[in-house]
Amino acid sequence: MGSIDSNFASVADHLGTREHVADVLVIGGGPAGTWAAVRAASLGARVVLADKGFCGTSGAAAPSGNGVWYIPPDPKLREEAMAGREQLGGWLADRDWMARVLDQTWDNIHQLDDWGYPFPKDDDGTPRRGSLQGPEYMRLMRSRVKRAGVRILDHSPALELLVDDSGAVAGATGISRQAGERWLVRAGAVVIATGGCAFLSRALGCNVLTGDGLLMGAEVGAELSSMEFSNAYGIAPAFSSVTKTAFYRYARFLREDGSVIEGASGHSRSKIAKALLQGPVYAVLDQAAPDLHDALRLAQPNFFLPFDRAGIDPFTQRFAVTLRLEGTVRGTGGLRITDKTCATSVPGLYAAGDAATRELICGGFTGGGSHNAAWAMSSGAWAGAGAADYARQLGSNHVARHVHRAGSTAVRDNGGQQLDPSEVASAVQAEVFPYERNYFRHAERLQDSLGRLDALWQAQRHSRGADNTRVIRAREAAAMTATARWMYRSALARTETRGMHKREEHPGLDAKQHHLITVGGLDEIWTSTRPATTPQPDVLTKEAA
Amino acid sequence: MIELVSESRCIACNLCVSACPVNVFDAVPDSPPVIARQDDCQTCFMCELYCPVDALYVSPEADRIGTADESLLANAGTLGGYRRAVGWTKGSERQRSTDQSFRVLNKY
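Heads up: the protein sequence lines correspond to chains A and B, in order. Note that my numbering has the first sequence beginning at 1, numbered continuously upward. Note that my numbering has the second sequence beginning at 1, numbered continuously upward.
Don't read these hints as lab results, they were simulated from the structure. Certain hints may be false.
[Said to hold, decoys possible] Some residues of chain B that are not near chain A, with every Cβ distance over 12 Å (derived):
1) Ser8
2) Pro29
3) Val53
4) Thr67
5) Lys90
[To be verified] Label-pair restraints from in silico Cβ distances:
6) His402(A) <-> Glu93(B): 24 to 34 Å
7) Val28(B) <-> Lys340(A): 48 to 58 Å
8) Arg84(B) <-> Gly508(A): 49 to 59 Å
Yeah, the Cβ is synthetic: ideal placement off N, Cα and C, and Gly gets one too.
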């Protein structure tokens, strides 16, 4: 076995380290990670899957009802499905990728059917496969992962990637928080499937999602893309975590005095955000016909759980609502994908699910669920296959590579004080939660936030390494800081309103900015642009000329 | 947030300790697990689904730490209510395949 450089040993560390060898290491055990693991194993790869929490309950999908972008392979239906979202996404998606995802999603859903997922049947006895109940789906995926011979490491957050002398990714190290030991996996290739970043907002299932994989990727030089599309907020009852926006199509939104907020809806959340800046906002789902109530309950049992427990009938009684930040989870920014195997810009590193950019099928807008669910299972399968192929080409000698730890903050002793991770996290939240900073953006406020976020990053860069009790939290805080900085640098670079990105001083779409924004870097953050592949309607281009 | 591990119901199987994605519980030898990091709870209700004896209660309050009244919850049928709704108890299995999303959300 190769050696590991020792300049890391200065961080006080009295835990033992358990080592594993794999062809493919998958980091993250939600939909994307589990599909990646199953696919890689089916190609003969030895696979280890490390989940920060518990593979089966971790992530945004597990506690939720998940609509899926599942469209029968009829050319007309597929064309409608693809065209239907292009404007919403600001003409930044890619038709070839959309078609690929629709094909792969169709196959995967039918694979789930074969595996025994209990799809409902309609009155004619026809199976209906366009929705996956999270607990059921992820329990099944866990069992398929185990059955495929994958070694699952639960409660085992990855802390940093390992790279070989050429800079290729060669594994990762982390901590087993319940066993009280460190782990290290030497792998031929790594799939990042750690989800997006919701900044510990307590949106449903999202507190596991702190951008850890984005930071680990950037630390080995991976590029990100579309990070300006990161200001998604989900509607929830003010007291609750349940950010399920879909059923608010049946809602009226009211001010304290009972007056209706015109134009506010699940699809038009900016009206709600503006009203929330003025005072409390209430909703009542009284637009749902009574004969629909039972079907709604059966479609999303978790939506009704908080109401039932709080003694509220949401169909007849108004309740206060809030918007919880879901950041890049329902945004489209993430690690940049460079080819059809879901490779990143770094050899040996693959990305899938919400950790990867969803710009390829959504452009600059996604409401979560549906497209994200289809993307997770498709990109997961492709990344798993891509990583397995890459590892096979390396051959078993990959284990002999000399590897280095690539972590930047919290896992290295850079002198200075040890920071309190919860204070760092709160400081980041103060920049990204407020609607007037993140939802409605303006250059002055973005610069203002970036000044503090950059200083916060530098403070972490020059701090003492976190001890074992704090290192997980410290890495989460660092990832949140880095993610916020990529978001706001990208947001500054897009001087228009497109997709979900809104610039107050640039309220319209600028046809000349029909491009994607790449972002990267840690201490110094850079941005650049790449042309979009789907044409904009002529009318926009002519207006610009 | 998680408010209750019922001492009378718990069989100390520690499934919740494993299943909680944010590591709220600590196992205790020969005893029910304790809620060791209540403030980390993300109110996702997953622990309730994995508890085989309906010993757990997650309050719908996502940002407020509270305490539950076990007998009140038991009498109201709240304990285990979510597990029955998704069809994960003996006798409720039919609920696993009653998803009506195709009627109200999407076409297929």
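A quick look at each hint next to the structure:
Against chain A, the non-interface label of Ser8(B) holds: every CB pair exceeds 12 Å, the least being about 21 Å. No Cβ of chain A comes within 12 Å of the Cβ of Pro29(B); the nearest lies about 14 Å off, and the non-interface call holds. With a cut of 12 Å on Cβ distances, Val53(B) stays outside the contact zone with chain A, its closest approach being about 18 Å. The non-interface label for Thr67(B) is consistent with chain A: the shortest C-beta to C-beta separation is roughly 15 Å, beyond 12 Å.
The Cβ of Lys90(B) lies farther than 12 Å from every Cβ of chain A, with a closest approach of about 16 Å, so its non-interface assignment holds. At about 54 Å, the beta-carbon gap between His402(A) and Glu93(B) misses the expected band of 24 to 34 Å. The hinted window of 48 to 58 Å between Val28(B) and Lys340(A) holds, with their beta carbons roughly 50 Å apart. Between Arg84(B) and Gly508(A) the Cβ separation comes to about 51 Å, which falls inside the hinted range of 49 to 59 Å.
Checked against the numbered hints above, the structure violates only hint 6.
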